[in-house]
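Peer 1: Protein chains in written order, with our numbering: chain H, 1 to 300; chain L, 1 to 300.
Bear in mind the hints are in silico, worked out from the structure with no lab data behind them.
One thing to keep in mind: the hints can contain errors.
In this list, chains with the same sequence are indistinguishable; a pair is considered to hold if it fits within one copy or across any two.
Once the Cα atoms are required to be at most 25 angstroms apart in a straight line, the calculated BS3-like pairs of lysine-lysine come out as [as the list claims (entries may be wrong)]:
| # | residue 1 | residue 2 |
| --- | --- | --- |
| 1 | Lys283 | Lys214 |
| 2 | Lys201 | Lys224 |
| 3 | Lys214 | Lys224 |
| 4 | Lys283 | Lys76 |
| 5 | Lys283 | Lys73 |
| 6 | Lys114 | Lys22 |
| 7 | Lys201 | Lys63 |
| 8 | Lys294 | Lys201 |
| 9 | Lys162 | Lys248 |
| 10 | Lys132 | Lys224 |
| 11 | Lys226 | Lys152 |
| 12 | Lys214 | Lys201 |
| 13 | Lys247 | Lys55 |
| 14 | Lys161 | Lys55 |
| 15 | Lys20 | Lys74 |
| 16 | Lys137 | Lys294 |
| 17 | Lys55 | Lys137 |
| 18 | Lys226 | Lys153 |
| 19 | Lys161 | Lys283 |
| 20 | Lys224 | Lys192 |
| 21 | Lys162 | Lys22 |
| 22 | Lys73 | Lys20 |
| 23 | Lys132 | Lys192 |
| 24 | Lys195 | Lys22 |
2 protein chains.
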Amino acid sequence: MSLSIIGSVALDTVETPYGKKKDILGGSAIYSSVSASFFTAVNLISVVGNDFPEKYTRMLDKKGIDIRGLEVKKGKTFRWEARYRDLNCAETLNTHLNVFEGFRPKIPPHITPKGDLLLANIDPELQECIFKRIRPKGLVSCDTMNLWITQKKKVLEKLLKKVDLFLLNDAEACQLSGENNLFEAARYIADKGAKMIVIKKGEHGVLFFSPDLKFILPAYLLEKVKDPTGAGDTFAGGMVGYLAEQKKINDRILREAMVYGTILASFAVENFGGESLAKVDSKAITKRRGDFEKLTRFYK
Amino acid sequence: MSLSIIGSVALDTVETPYGKKKDILGGSAIYSSVSASFFTAVNLISVVGNDFPEKYTRMLDKKGIDIRGLEVKKGKTFRWEARYRDLNCAETLNTHLNVFEGFRPKIPPHITPKGDLLLANIDPELQECIFKRIRPKGLVSCDTMNLWITQKKKVLEKLLKKVDLFLLNDAEACQLSGENNLFEAARYIADKGAKMIVIKKGEHGVLFFSPDLKFILPAYLLEKVKDPTGAGDTFAGGMVGYLAEQKKINDRILREAMVYGTILASFAVENFGGESLAKVDSKAITKRRGDFEKLTRFYK
Numbered sequence: 001m002s003l004s005i006i007g008s009v010a011l012d013t014v015e016t017p018y019g020k021k022k023d024i025l026g027g028s029a030i031y032s033s034v035s036a037s038f039f040t041a042v043n044l045i046s047v048v049g050n051d052f053p054e055k056y057t058r059m060l061d062k063k064g065i066d067i068r069g070l071e072v073k074k075g076k077t078f079r080w081e082a083r084y085r086d087l088n089c090a091e092t093l094n095t096h097l098n099v100f101e102g103f104r105p106k107i108p109p110h111i112t113p114k115g116d117l118l119l120a121n122i123d124p125e126l127q128e129c130i131f132k133r134i135r136p137k138g139l140v141s142c143d144t145m146n147l148w149i150t151q152k153k154k155v156l157e158k159l160l161k162k163v164d165l166f167l168l169n170d171a172e173a174c175q176l177s178g179e180n181n182l183f184e185a186a187r188y189i190a191d192k193g194a195k196m197i198v199i200k201k202g203e204h205g206v207l208f209f210s211p212d213l214k215f216i217l218p219a220y221l222l223e224k225v226k227d228p229t230g231a232g233d234t235f236a237g238g239m240v241g242y243l244a245e246q247k248k249i250n251d252r253i254l255r256e257a258m259v260y261g262t263i264l265a266s267f268a269v270e271n272f273g274g275e276s277l278a279k280v281d282s283k284a285i286t287k288r289r290g291d292f293e294k295l296t297r298f299y300k
Numbered sequence: 001m002s003l004s005i006i007g008s009v010a011l012d013t014v015e016t017p018y019g020k021k022k023d024i025l026g027g028s029a030i031y032s033s034v035s036a037s038f039f040t041a042v043n044l045i046s047v048v049g050n051d052f053p054e055k056y057t058r059m060l061d062k063k064g065i066d067i068r069g070l071e072v073k074k075g076k077t078f079r080w081e082a083r084y085r086d087l088n089c090a091e092t093l094n095t096h097l098n099v100f101e102g103f104r105p106k107i108p109p110h111i112t113p114k115g116d117l118l119l120a121n122i123d124p125e126l127q128e129c130i131f132k133r134i135r136p137k138g139l140v141s142c143d144t145m146n147l148w149i150t151q152k153k154k155v156l157e158k159l160l161k162k163v164d165l166f167l168l169n170d171a172e173a174c175q176l177s178g179e180n181n182l183f184e185a186a187r188y189i190a191d192k193g194a195k196m197i198v199i200k201k202g203e204h205g206v207l208f209f210s211p212d213l214k215f216i217l218p219a220y221l222l223e224k225v226k227d228p229t230g231a232g233d234t235f236a237g238g239m240v241g242y243l244a245e246q247k248k249i250n251d252r253i254l255r256e257a258m259v260y261g262t263i264l265a266s267f268a269v270e271n272f273g274g275e276s277l278a279k280v281d282s283k284a285i286t287k288r289r290g291d292f293e294k295l296t297r298f299y300k
C-alpha cells in the first residue's frame, strides 16, 4: 500500500549546543516522509517556493518519495528558526509561512482514496481540507502541535472524529484535554473520536492507548543528541509507514510499528536536519532494532 | 542471604492533590525495608523516638523485618513535612532531625559481614560509619539525595569507592556530575568507583549502567498516583532485596531485579505512606509483574 503525507516543508535555521545550521531541510512532512520511505511508498503533498534548493528535490526523489504533489510556488519556502539552550526545549525565534500563506493544495490524480493518509503537523484547516479531498479509505493518522491547540482547537477536535491514529506529545495532550494525568488526557482524546492515541514523551519514550491495548516504550538510549528537531514527525512517519505495509493491524504489529518509529526518531536526533536522516540505511535500522531489544528486554 | 538496611525512619506529614496525611510511617529505611521484605530477610538499622507508634513497630515485625537494630531513643522521631502541588515535585516544608541528631548506630551482634548492605538515603557520614562497622562481604548498595550532594559531596564520593550499586535520580546524577547528559553523568559516577549505577527517572522509568550492561525500563503505567513519596527508596529496596536472594548476579537477574523494583515502586505511589505498601501481597506483585510484561513486550 502507499502512504500520502501532507505537512510542512521548510528551510530551518537551528542552533543547539552542538552548532548552528542555516536553511537546512526540515518541516513535518519532510521528517515524516523520509522516515516512512524506509518502509513504504510515500506521496508527499506540500508546497515550496522557487528558492527551494534543487539538491533537496533530488534527495527526495532519490529516496523514492513521490513529489508530484509537492507544488512549487513563486515566492519563498517556509522558514523556521529556533534555538535550543538545552536539548529539551526549542525556543522559536522566527516563523515565516511564506508560500504556505493561503496555500490550497491540489491533489494530483495518482493519489487515490485507496492508500493511507498521514496528516503531519500543520494547520488543522489544511489537514481537514486534504482529508475531504482525498476521502481516504485506509488508515488516517494525524499529528499536531501546541500552536494549533491554542489557535484552532475546535477545528482540530472536529477533525479527530475522522482520525484512526492521533499522535501528540505529553504537554500537548495535557493542553488539549486540560488534564494533568496522561490516562485522563487519552480518555478525553478518545471521547473526541480518535480510535488510537500515541503520546510522545521525547527522550522518555511513548505511550499507546486504545480500547484494546495499552503499551509503553522507552526511547532508544543515545550517547549524544545533537538536534531534537523533527523527532516526533520522524516517529510518526516511521510508525505509520511501517503500518502502511501490513496486511492487517493487530497488537503485535502496532507494537512493532512503534518500535520502528522509536528507532527512526533516534537516528533523526543524532544529527541536524532531514538530509542526515535520509542517509541512514536499512541495515543500520535493523541493527539498531536489535540493539533496542537488548537494551530493553527482560523476559525470559 | 540477608540484607541489612540503614536509613531514616520518619513520621511524614504529606499533602498531595489527593489529600493530607499527618504523621504517617515514612523514611528511606522504611520504604526500602518493606519493599525488600517481599524477597529477603531484612535487618533494619535506624533510630526512632519514644513517640514512635507501637502499631508501626508491630507492622514491621509482622512483615518479618528484624528490628533489633532499630534503636529507641528518648525524644521525638524524625519528622518530614512536604506538599506536592503537582505530583512531580515535593516541596519540603519542614525537616526535624530529632533523634537523628548525633545518632551513632550500634550494630547488633546478629548483623554480620556475611549479608548484603543497603545504605538507603541518609547522611553519607552515617552511611560510611555503618559500612566501616559492618565491613560487609556481600553486595553494597547506596542511595542518596540532592541535600547530601550539596552539603557532603566529598564524603559521598569517597564512599562511592566502596559501593557496588549506586542509585540516584536523574536530577541528582546531573547535580553530582555537573553533566546534563545522563551517559556522561553515569561515566562520572563510574569513575568515582561505583561498579553499577541506576538512574531513576520517576514516572519515566530507570536506566542501568555498568561496563557490561546498559538497560532501560519504563515505569509501570498507573491510572492514578496519590503520593510519590518513597518511590525511589521502594525501588531500591525491591531491586536489592531481589538480588539478595540470588546465588549469582548476571545480566538477566539484574534486569529482573529492576523489574521488581519498578513493580514495588508502582504500589508505593498508589497510596499514602509505608503502611499501605506493607499491605500489598505477593500475589498482587506477581500479577503486576505479568501485566508489566504485557504493557511493554514487543518481541516475538
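Peer 1: Between the shortest in-copy and the shortest cross-copy C-alpha distance, which are at most 25 angstroms for Lys162 and Lys22: within, between, both, or neither?
Peer 2: For Lys162 and Lys22, the Cα distance exceeds 25 angstroms both inside one copy (37 angstroms) and across copies (49 angstroms).
Peer 1: Tell me, please, which holds for Lys161 and Lys283 at an alpha-carbon limit of 25 angstroms: within, between, both or neither?
Peer 2: neither (38 angstroms within a copy, 41 angstroms between copies)
Peer 1: How would you classify Lys132 and Lys224 at a CA-CA limit of 25 angstroms: within, between, both, or neither?
Peer 2: So Lys132 and Lys224 fail the 25 angstroms test inside a copy (42 angstroms) and across (39 angstroms) alike.
Peer 1: Since the copies are identical, ignore which copy is meant and state whether Lys114 and Lys22 lie within 25 angstroms (CA to CA) inside a copy, between copies, both or neither.
Peer 2: The answer is neither: 38 angstroms in one copy and 62 angstroms across copies each exceed 25 angstroms.
Peer 1: Give the relationship of Lys283 and Lys73 under a CA distance limit of 25 angstroms: within one copy only, between copies only, both, or neither.
Peer 2: For Lys283 and Lys73, neither the intra-copy (37 angstroms) nor the inter-copy (65 angstroms) Cα distance is at most 25 angstroms.
Peer 1: When Cα atoms must be at most 25 angstroms apart, do Lys20 and Lys74 count as within-copy, between-copy, both, or neither?
Peer 2: neither (28 angstroms within a copy, 63 angstroms between copies)
Peer 1: Indicate which option fits the pair Lys224, Lys192 if close means a Cα-Cα distance not exceeding 25 angstroms: within, between, both or neither.
Peer 2: between (38 angstroms within a copy, 22 angstroms between copies)
Peer 1: From the Cα coordinates, with 25 angstroms as the cut-off, is the pair Lys73 and Lys20 best called within, between, both, or neither?
Peer 2: neither (28 angstroms within a copy, 61 angstroms between copies)
Peer 1: Is it within, between, both, or neither for Lys226 and Lys152, if the alpha carbons may be no more than 25 angstroms apart?
Peer 2: neither (32 angstroms within a copy, 34 angstroms between copies)
Peer 1: Indicate which option fits the pair Lys137, Lys294 if close means a Cα-Cα distance not exceeding 25 angstroms: within, between, both or neither.
Peer 2: Neither way: Lys137 and Lys294 sit 38 angstroms apart in one copy and 31 angstroms across, limit 25 angstroms.
Peer 1: Please work out whether the CA atoms of Lys214 and Lys201 approach to 25 angstroms or closer within one copy, between two copies, in both situations, or in neither?
Peer 2: both (15 angstroms within a copy, 21 angstroms between copies)
Peer 1: Is the C-alpha distance from Lys162 to Lys248 at most 25 angstroms within one copy, between copies, in both cases, or in neither?
Peer 2: For Lys162 and Lys248, the Cα distance is within 25 angstroms only inside one copy (19 angstroms; across copies 55 angstroms).
Of the numbered hints stated above, those contradicted by the structure are hints 4, 5, 6, 7, 10, 11, 13, 14, 15, 16, 17, 18, 19, 21, 22 and 24, listed in ascending order.
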